[in-house]
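Colleague: Okay, here's what each chain looks like letter by letter:
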Amino acid sequence: MSKLTYERIRANPKFKELVAKRTRLSWLFAAMVLGAYYGFVALVAFAPQVLHTPLTTGRTTWGVIAGFGIVLLSWVLTALYVRRANTEFDAINNEILRESL
Amino acid sequence: MNRLSTALAVPALLLTSAMAYAGPAVGEVEKQSMNLSAIAMFVAIVAVTLGITYWASTRTRSAADFYTAGGGITGAQNGLAIAGDYMSAATLLGLSSMVYAKGFDGFVYTIGFFVGWPIILFLMAERLRNLGKFTFADIASYRLDQAKVRTFAAVGSLTVCLFYLIIQMVGAGQLIQLLFGLDYLYAVVIVGALMMIYVTFGGMLATTWVQITKACLLLGGGTLMLFLAFAQFGFSFETMADKAINFHKDGVKIMGPGTLLADPVSAVSLSLGLMFGTAGLPHILMRFFTVADAKAARKSVLYATGVIGYFFMVVCILGLAAITIVGTNPDFFEGGKIGGKLIGGGNMPVMHLAKALGGDVLLGFLSAVAFATILAVVAGLVLAGASAISHDLFANVIMKGKASEAAEVRASKIASMGLGVIAVTLAILFEKQNLVFMVGLTFGVAASANFPVLFLSMFWKGLSTRGALAGGASGLITAVVLVILGPAVWKTVLGNPQALFPYDQPALFSMPTAFLVAFIVSKLDRSVGAANEREKFDDQFVRAQTGLGAEGAASH
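Note that the protein sequences, when read in sequence, are chains A and B.
According to our numbering, the first sequence is numbered sequentially starting from 1.
According to our numbering, the second sequence is numbered sequentially starting from 1.
These are calculated hints, taken from the structure and not from any lab test.
C-beta: ideal position from N, C-alpha, C; glycine also.
Each hint should be verified, as a subset may be incorrect.
Unchecked claim - Below, computed lysine-lysine pairings styled on DSS-like, alpha-carbon distance capped at 30 Å: (1) A:K16 to B:K133; (2) B:K400 to A:K21; (3) B:K461 to A:K16; (4) B:K133 to B:K400; (5) A:K3 to B:K400; (6) B:K253 to B:K133; (7) B:K400 to A:K14; (8) B:K523 to A:K21; (9) A:K21 to B:K461; (10) B:K337 to A:K3; (11) B:K133 to B:K461; (12) B:K253 to A:K3.
What the hints assert, rightly or not - Here are the simulated distance ranges between beta carbons: (13) B:A231 to A:Q49: 31 to 37 Å; (14) A:P13 to B:L516: 33 to 39 Å; (15) B:F230 to A:L28: 46 to 52 Å; (16) A:I65 to B:F459: 49 to 55 Å; (17) A:L101 to B:L524: 36 to 42 Å; (18) B:L524 to A:R84: 36 to 42 Å; (19) A:Y38 to B:F459: 47 to 53 Å.
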């Protein structure tokens, strides 16, 4: 690819928009997963009794729910990210490429 | 002190058993009697994989075919293959036995193995696909000094692949001895020969499909066992948990955190090593180059995350079910003494569970799948190691990019054979060694040498060649030194009474060292070369974001 094409893309306001949107979403989601996981680890290390508490009168504890919750959260965020990237972001991306080539 | 040593020893045990099944079994593996249904099913699986390899060999011609299956793998297929790389025989055995022995603590570890995947998607998957060609060294050296950075990245890849191969091979030998009653020597040679056949003749296409086949078998087997296990408890998690609490020696404590993670520093260091070590494993990174574009790369991680998460949850529930089903059955304990030593060792609960739920047939099936799993993982490792030799060192560094494609493909096949022979030899030499330290080393080097260089080259404009080399080297040295001073080498191998560094996994310390040194050296680097490299970042950034100029998929 010629240097000129790359320069044209960089100058395209849509490129800045794409980068800003994608960067925001990816770091936000990464922070959410890391926050949930290390929050969980912190509870395990410093307040284990919270995770020992049963949900109701049964045997299932908040710890079990929290663990499954992290896995579920990871799935949901992954799916949301892929959906938005494969539709909205890719659409902007294709526009940028069309305009610049 | 006792509590501390448990907290340190168990992560090591899990890491080893979960990665490779190498540690606790060393030296005390008993050969089981021949399990005929296991062997029959294993032969059937091998026949299928050899069929796949033959089919793949007719389609593997060019270098791109060999390294990346021509970029023609779909997102769903690649997702299954990635999941396959991650769901080793060792995760099946190691994680379920952790839950069996420790309850909730095993669950916490399992989650630590899993959460790296969404992070890889959000931060790395697209850039990897858009910038990479065959190896991750392609990306690290994209705008930096080809000869130096590529050589460093290739050596990092080779180190990780070789260590990981040895762990897997030794673990495989012991596992097969245990499950099939085959001699260690035969087991290692069979694994070595099959992996060389897959890679040399079928390249990435065969490796990927072997991995997919095994992933499906493992998922199917796991789901069937989950169903059968739940059936014993009237399909109620509450009943299963209630019974487990009644039978487990720790009682109600198994439903919450225990003593295992009482030490948060080792827990965090372990999770960092797992998470970012995964993002620095060459055979996993290579999978991102086998799909057509960034869209497919994203889909791969979506499928992989779903499959891995599901499988890990299944494994944890099987561990919980085993507390009741295996833990109260005298047939599974040595001398029929309930609560004593499990027959075959501490990693066997899920295997005994298979026998309890489906008799010899299910046990045989699961054993055969465990064997197939090892084969698929080592094949990926050999391919990644061979690519570092043929694509990075031979074609780009030694021949300076002037090697013909035929010569490169030939080099890659020779390298695969060579690596296979070395791995088999070392696995035979290390049969009786305690390899816990190698797990720390593999993930330590991946997280502290490979990952920082790769990550900074994609994300930070300021990185220069000197910064990358200094950062990578300091991460590498710190990781190696800390592993040597740590419990696995200083205490266990060298026999000193107390480790100088108390943690098995060095990532918490070695990874920041690598980033810091890379940052400082790059900042101080005012050479002309460094200025040029920074200038090239802008174009690299456009390609990383848009995929413009990325290596396209070859049509099949």
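Colleague: Just to be careful, I want the Cα atoms of K400 (chain B) and K21 (chain A) compared with a cutoff of 30 Å; is the pair within it?
Modeller: Given that 30 Å is the threshold and the Cα spacing comes to 39 Å, the pair is violated.
Colleague: For the pair supplied as a hint, K400 (chain B) and K14 (chain A), confirm whether the alpha-carbon distance does not exceed 30 Å.
Modeller: violated (38 Å)
Colleague: Does the Cβ-Cβ separation between Y38 (chain A) and F459 (chain B) fall within 47 to 53 Å?
Modeller: The hinted range 47 to 53 Å is violated for Y38 (chain A) and F459 (chain B), with Cβ atoms some 21 Å apart.
Colleague: Given the hint that K16 (chain A) pairs with K133 (chain B), test it: the Cα-Cα distance must not exceed 30 Å.
Modeller: Judged against 30 Å, a Cα distance of about 26 Å means the pair holds.
Colleague: Can you let me know if the beta-carbon spacing of P13 (chain A) and L516 (chain B) is within 33 to 39 Å?
Modeller: holds (36 Å)
Colleague: Between the alpha carbons of K133 (chain B) and K461 (chain B), is the straight-line distance 30 Å or under?
Modeller: holds (21 Å)
Colleague: When you check the alpha-carbon spacing of K3 (chain A) and K400 (chain B), does it fall within 30 Å?
Modeller: holds (23 Å)
Colleague: Is 46 to 52 Å respected by the C-beta to C-beta distance linking F230 (chain B) and L28 (chain A)?
Modeller: 37 Å Cβ-Cβ, so the 46 to 52 Å window is violated.
Colleague: CA of K337 (chain B) to CA of K3 (chain A), is that 30 Å or under?
Modeller: violated (74 Å)
Colleague: Are L524 (chain B) and R84 (chain A) spaced within 36 to 42 Å by their CB atoms?
Modeller: Since the Cβ atoms of L524 (chain B) and R84 (chain A) sit about 40 Å apart, the hinted range of 36 to 42 Å holds.
Colleague: Starting from K461 (chain B), check that the Cα of K16 (chain A) is at most 30 Å away, please.
Modeller: holds (17 Å)
Colleague: Given the proposed pairing of K253 (chain B) with K3 (chain A), does the C-alpha separation stay at or below 30 Å?
Modeller: violated (63 Å)
Hint compliance for this structure: hints 2, 6, 7, 10, 12, 15, 16 and 19 are broken, all remaining hints hold.
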